[in-house]
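Assemble the whole structure, with the sequences as input and the hints as a guide.
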Amino acid sequence: MRFSSAEFTDIGAVRDHNEDAFLAFPEGALWVVADGMGGHQAGEVASALICDTVSSEWHRYGGSLDNLQLRAAFELANRRIRQYGEETLPGATLGSTMVALNITDGRYCVHWIGDSRAYLLRNGRLRCLSRDHSQVAELVEQGLLSEEEAETHPLSNVITRALGVEAEPRIDQVEGNVEPGDRFLLCSDGISREFALRELEVLLSDEPIEDISRALRHAALVKGCRDNITSVIVQIDQAAAGQVRGSSDSTLPVRQWVQ
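In the UniProt record's numbering, the protein residues as written are 1 to 259.
Bear in mind the hints are in silico, worked out from the structure with no lab data behind them.
Nothing here was measured: the structure is a model prediction, and the numbers come from that model.
Ideal Cβ placement from N, Cα and C applies to all residues, glycine included.
Where hints are given, some of them may not hold.
To be verified - Derived Cβ-Cβ restraints for the label pairs, each shown as a range:
no.: 1; residue 1: 84; residue 2: 15; range: 29 to 39 Å
no.: 2; residue 1: 61; residue 2: 152; range: 37 to 47 Å
no.: 3; residue 1: 222; residue 2: 61; range: 40 to 50 Å
no.: 4; residue 1: 68; residue 2: 211; range: 28 to 38 Å
no.: 5; residue 1: 179; residue 2: 15; range: 14 to 24 Å
As structure tokens, this is what we get:
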């Protein structure tokens, strides 16, 4: 399967340090975005531990992780975050959201916990594949809030799940077939809070993805983004869908950014 990706992370317009991290293994069809929380530099440690753990497991398994192995890697990262918190910051809440895309044999699988999101642009239409684990999202699901009210709700940044918070992390996943021309966006909430779905749809419909990535970063900064911003855009080659991952001719290097 042939694909390409473009990534960035930025401190944003307000924050004084970056608690986001990302991992990009184009030749392994695996991408991860993590958004740490906890303050006192704890958030950036949590997000870095997720990316470092997945990277280590990816190399340990010879440059490939199936979905069960990837889930086990996240559970290992969860234990490492909790151990770090207990040893270094007792009593503090240390954790990180996570969203990941893994492509195997013509199928995608998105894993997530928290409010980092995964989107899919297909045939010019953008939809969100993940569902936020947040208090506001739960209120919307219960019919107590509208989508519009949720955008400005004072609890919009309160999440209900994250790696490192519980001994047994509740990670959700969604799967589907990859189609020619599919384009995925993984992002931290610093991006999703700044752009409506239609805005992202317009931005992601441009070419090439490297220009889209730069435009998205610039637009977020112009909006005065209040949080760190991280984006990973993955493009499926027009002739790639249905091919096995082992036939990938991608020559892009492994890319990782952690604090």
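Hint check, failures only | Structure breaks hints 1, 5.
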